[in-house]
Structure formats: structure tokens, C-alpha cells
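So the chains spell out like this:
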Amino acid sequence: MSDTATTDANGDDEKTRRDFLTLGTVAVGGVGTALAVWPLVDSMNPAADTLAMSTTEVDISPIEEGQSITVIWQGKPVFIRHRTAEEITSAEAVEPGDLIDPQTDADRVQKAEWLIMVGVCTHLGCIPLGQKQGEAKGEFGGWYCPCHGSHYDTSGRIRKGPAPTNLAVPSYQFLTDTTVKIG
Amino acid sequence: MSSNNNNRDKSGFFANPLVQWVEYRLPVFSFIDDSVGSQYPTPKNLNYWWNFGSLAAVVLVIMVATGIVLAMHYTPHVTMAFDSVERIMRDVNYGWLIRYIHMNGGSMFFIVVYIHMFRGMYYGSYKYPRELLWIIGVLILLAMMATAFMGYVLPWGQMSFWGATVITNLFSAIPVVGDYVVTLLWGGFTVDNPTLNRFFSLHYLLPFVLFGLVFIHLWALHQHKSNNPLGVDIKSDDQDCIPFHPYFTIKDLFGMGLFMMFFMWFVFFAPDFFGEPDNYIEANPLVTPAHIVPEWYFLPYYAILRAVPDIGPISAKLAGVIAMFASILILMLLPWLDRSKVRSSTFRPIFKQFFWIFVLVCLILGLCGAKAPSEGVFSDDGWFTYLHLGRITTAYYFAHLLVIIPLVSIFEKPRPVPESINAAVTKSAEVAKAAE
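Here the protein sequences line up with chains A and B, keeping their order.
Residues 1 to 183, numbered by this note's numbering, are exactly what the first sequence covers, in order.
Residues 1001 to 1436, numbered by this note's numbering, are exactly what the second sequence covers, in order.
In short, the hints are calculated from the structure, not lab data.
Predicted, not measured: the structure shown is a model, and the values here were computed from it.
Heads up, a few of these hints could be off.
Stated by the list, open to error - Listed below are the simulated DSSO-like cross-link pairs for lysine-lysine, each with C-alpha atoms no more than 30 Å apart in a straight line:
(1) B:Lys1225 / B:Lys1010
(2) A:Lys15 / A:Lys76
(3) B:Lys1413 / B:Lys1352
(4) A:Lys132 / A:Lys76
(5) B:Lys1413 / A:Lys160
(6) B:Lys1235 / B:Lys1044
(7) B:Lys1413 / A:Lys76
(8) A:Lys160 / A:Lys111
(9) A:Lys132 / A:Lys160
(10) A:Lys137 / A:Lys15
(11) A:Lys137 / B:Lys1371
(12) A:Lys132 / B:Lys1225
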């Protein structure tokens, strides 16, 4: 195509102008296509009604010391455990520096007797065992994920196994002494 | 796949005036004849391992045909999906048959394609000038895996749900954007109805992408024609080849007959042989099954995923995910990792032995993927578990491709290669005659 390039009366190189127009057209077309594709991609993100189900209120008065319940928040199980004094002591006794994902027990609870966290293993998303009586609680007395063998302690912190982080603590607030709003 | 062979004999079928009328306007008959007919020269020494390519195409057609019908009865909603599949099994006319064909067809597809790939490795079919043909083949495998994974989610059983949870969570290992990617995949905060809906949509779409990839695969195949058991180039179409039709159409049909007996034996006599009983329990997001196992065709990759420990600053989770994807993507480099000019293992005594070790290692990896990592291989005292075996075989898998193949291809002394397909075939015929 280079032999079609000529110089006009003003001395401008037409080939340069044509290249500019071609590049400009491709760039604008590319940006336009990307903008047009974004709604298609974003439509796959959580929809408004899915986002609307973002809080759950729970009455925790029936949970005795040493008991746990599982509630559903955003489709995920949330573990609420009324911890015993021994569990609290053992959770607080751990030196954070020794942990895979260092966190003190105080960082993970608002009230020491209530441990509230998302019951989804941070490895690949299984539900750890340890909520019900008689279930395996792992080597650290907390929870044990049967899928790939992650052990969590009485603060829900990862102590052994492939999971990279502690069980997540959702944002929550105590509305009263016996009611918690999760989310 | 250019058409218009001017030398075509205008007798027989092509003498028909209606055929000629169409042919003048749309040369579809000559296109077929050039692609899979009398005008496509095929090496005359192909053995039965060359049947598996056409078998894979047959299975793809069966999967699409049964899948279209199943989609007419299936409901992609979390409250109805499981029941709609049970309705297909119990109430829909021949629903049980159609679903069992589709369900076992997935396993058949992988059996056929894995054999097809090992054949390509044994006979060096990936080598110059067929590198791109091989790479497209690896892309076909990846598309098949995505299709199979999403299809397995649709019945919404326990394994469907937890398999989907584990596999989509793999993407959370991606640094920085991982969690956003997972939310985007789910369309929510867990695997839920939006996830099921999109998996159904994509499960329907991907087979047509597969058709497109298969078309390109065949296009690349026809450029340099089939490799053959001797691995030598076609020197002369007349001497070394016979027409695809009728010789290989009939051979492929015969193989297909045997394969269909194998396939239908499972459909009619052991339809749940490849499946997991847990998938007949409806999905429950609050109860994880004791052992989550993928379908058998993913077991070797699952073993690799679990085998990798923490590597320096890279967590075991991310390292496992990288290793698992690398185990497939690395196959694309095979044409350059293997530097030997000799294609067929028949003339590569060292490579041949390592090939069979590699096949064995892939099977052992599958076994490791099926077992709990903590389970002992020989005894229960935990000194040698399936996790250890999985680590050794994972290391060997990568060593085979990245170290052994390059070194063997440099240092091995291949046996002499015949000058042509025809020379080798006629010579062995003479030897056989002399032996009589």
C-alpha cells in the first residue's frame, strides 16, 4: 500500500493521516466494544434481589453454653457458638505469632462467649464438621473440614491443613443481649 | 479444505444431473468427497488406534442429540432441577434411556479422547508439521472438561453441588481479584440458583464451540494428512495411501460397532458404574458429603491439585491450582519439548519405555485422586499414604514432560526409519511370504 501514499498541496503525508484514521477507528471501535460487553459480564454479578438478602437476625437466647447453631446468611452457613470457659481460655492462650493466619482471639469476637463466623472452609468451600455433638472437631478442639483435612481451633483459626486463612468473621452487631444481626 | 477437484471422474454419482446441478452452484458433494471420501488419501498402514478420532466425533454427535432432548424436559432451578431429572428417569417416555446414554456418553467421550491423545503421544503425531493440530486438540480437551463439569452440576445432587463449590472456589486462589472472580462465577455469595442457570446456558453452548474446534482440528489435519504408525511422511499418494472411502469409512464403522457394544453395555447393564451414589441425594448447602470426589476423568488432576504443598510464599491452594492447570497447558509445548525428528515410538526404544511408564503414572494419579489423602497405600500406620504417592507421581508427571522427554530426544539413538510407508509394508509382506 505504501506506493499509494502521496503528498498533498500542503506537504502533509497522506499515509500518516490514513494510519491515524485507521488507528483511531480501531481504538474507538475497541473501546466501544468493551463498553458494550461490560453489561453482559456485569449481569453475571449478584443481582439486586440477591444483594437485598444481605442481613439475617438471630435470636441467640436458646443456645446453652457449649452449644452451637448454624444459621443461613447470604446462602452460606454461619456458625454461632456459645463457647465454654475452657474454650475461651485455650483460644486466648495461643500466641498469634505461631499461627498460619495470625489473629488474636479478641480480634475475632465482640463478646468472648459468642463466636460468630462463616462456616465455610477457606480452602475450597466445604462445611467443616464440629457443630453437632459427636462430630469430629479436629486436633485443636474446634472444627475439622473432612474434604482436605483442615483443622480449626476454638476461635475458628486455621491450625493445620491446606486452608490458607481463618474462618471468616462476618460483620455483625448485638441488637440486644439476645439478638444478633448478621450482615 | 479447498474443493473443485478438476480431475474428478464425472462418472457414477457425479454423473447424476441433479448432483451436477447442485455441484455447479454449491460444490458440497465434492467437498465431502475431498474431505472424507474417495479423493482423500489416507496412509494405508493405519492401525486400530486411529479409530478413536472418528469415535470421538460420533460420541459428540450422540451427546448433542440426547442433550437437546433432555433440555426439553429439564428445569434449571434449584427447587426443581433434581425433581425434573427424576421425572425424566421415571415418567418421560424413554427418559431413562436418553439420560443414561447422555450420562455414560460423557465417560465414553473421555475414554475415547484419552486413548486418542495417548496414541498421538506414542506415534509422535504432535510433531512437525502437526503442532497446531495437537494444540487445537488440547483446546478441545479443555472445552470438553468445562462442558462435562457444568453438565455434572445440572442434576443438582450432592456431588453436583459440592463439586461445583470446590471447583469454583479454585478461582479464589487467584491473587487480588480471586474473590471477585468467584462472586462473578456464582452470581451470588454461594453456588445457588444463578449459578445453576448460567451453567445450564453454558453447558448448552459449549458443545457447539466444540463443533467449531473440531472443524478447525480437521482442517489442520487435512493440511498434512494423518500421521501413521511408522511416523514417516507420505511420499506418494499413489504408493503410500488408499482413499478414505471406502477403506477407512468401513474400518471406522467396524470399530464403531465394537465401541457401541462397549458403550451400550454400560447404558443397559451398569448405568451408574461411573457415577457416585451421593448424586442421587438432592443438593444440601449445609451438609458436605464425607468424600467429595470428582468424576473419574478428573481424578488425575484432582490428585495433582491436592499433592502440591506450600512452595515458599505461594500457598498450597494457589500452587495446587497452578499445577493442575499447568498439567494440561504444558501438553501444548510437547512438540517443542520433544526434539527428536523421529515420530513413531516403534523406532525409539528408550522413549517407548518411558511412554508406558507415563501411562502407568497417569493411572496411578487417577487412583490417588479417588482415595482419601490420609489413607495408607500399604498399611494404616501412615508411613506411606496416597498423599505421598500422589506427590511422587505428580513430580514424575512433570518430570516426564519437562526433563525426561527433552533428554531422551537428545541422547536416544533411534533405530533406522523405513524410507517410505510403502517400502516398509511391502518389505514386511515379503518377509511374511518367505517365512511361509
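Results of checking the hints against the structure:
no.: 1; hint: B:Lys1225 / B:Lys1010; in the structure: holds (25 Å)
no.: 2; hint: A:Lys15 / A:Lys76; in the structure: violated (61 Å)
no.: 3; hint: B:Lys1413 / B:Lys1352; in the structure: holds (12 Å)
no.: 4; hint: A:Lys132 / A:Lys76; in the structure: holds (17 Å)
no.: 5; hint: B:Lys1413 / A:Lys160; in the structure: violated (50 Å)
no.: 6; hint: B:Lys1235 / B:Lys1044; in the structure: holds (12 Å)
no.: 7; hint: B:Lys1413 / A:Lys76; in the structure: violated (60 Å)
no.: 8; hint: A:Lys160 / A:Lys111; in the structure: holds (26 Å)
no.: 9; hint: A:Lys132 / A:Lys160; in the structure: holds (21 Å)
no.: 10; hint: A:Lys137 / A:Lys15; in the structure: violated (74 Å)
no.: 11; hint: A:Lys137 / B:Lys1371; in the structure: holds (22 Å)
no.: 12; hint: A:Lys132 / B:Lys1225; in the structure: violated (63 Å)
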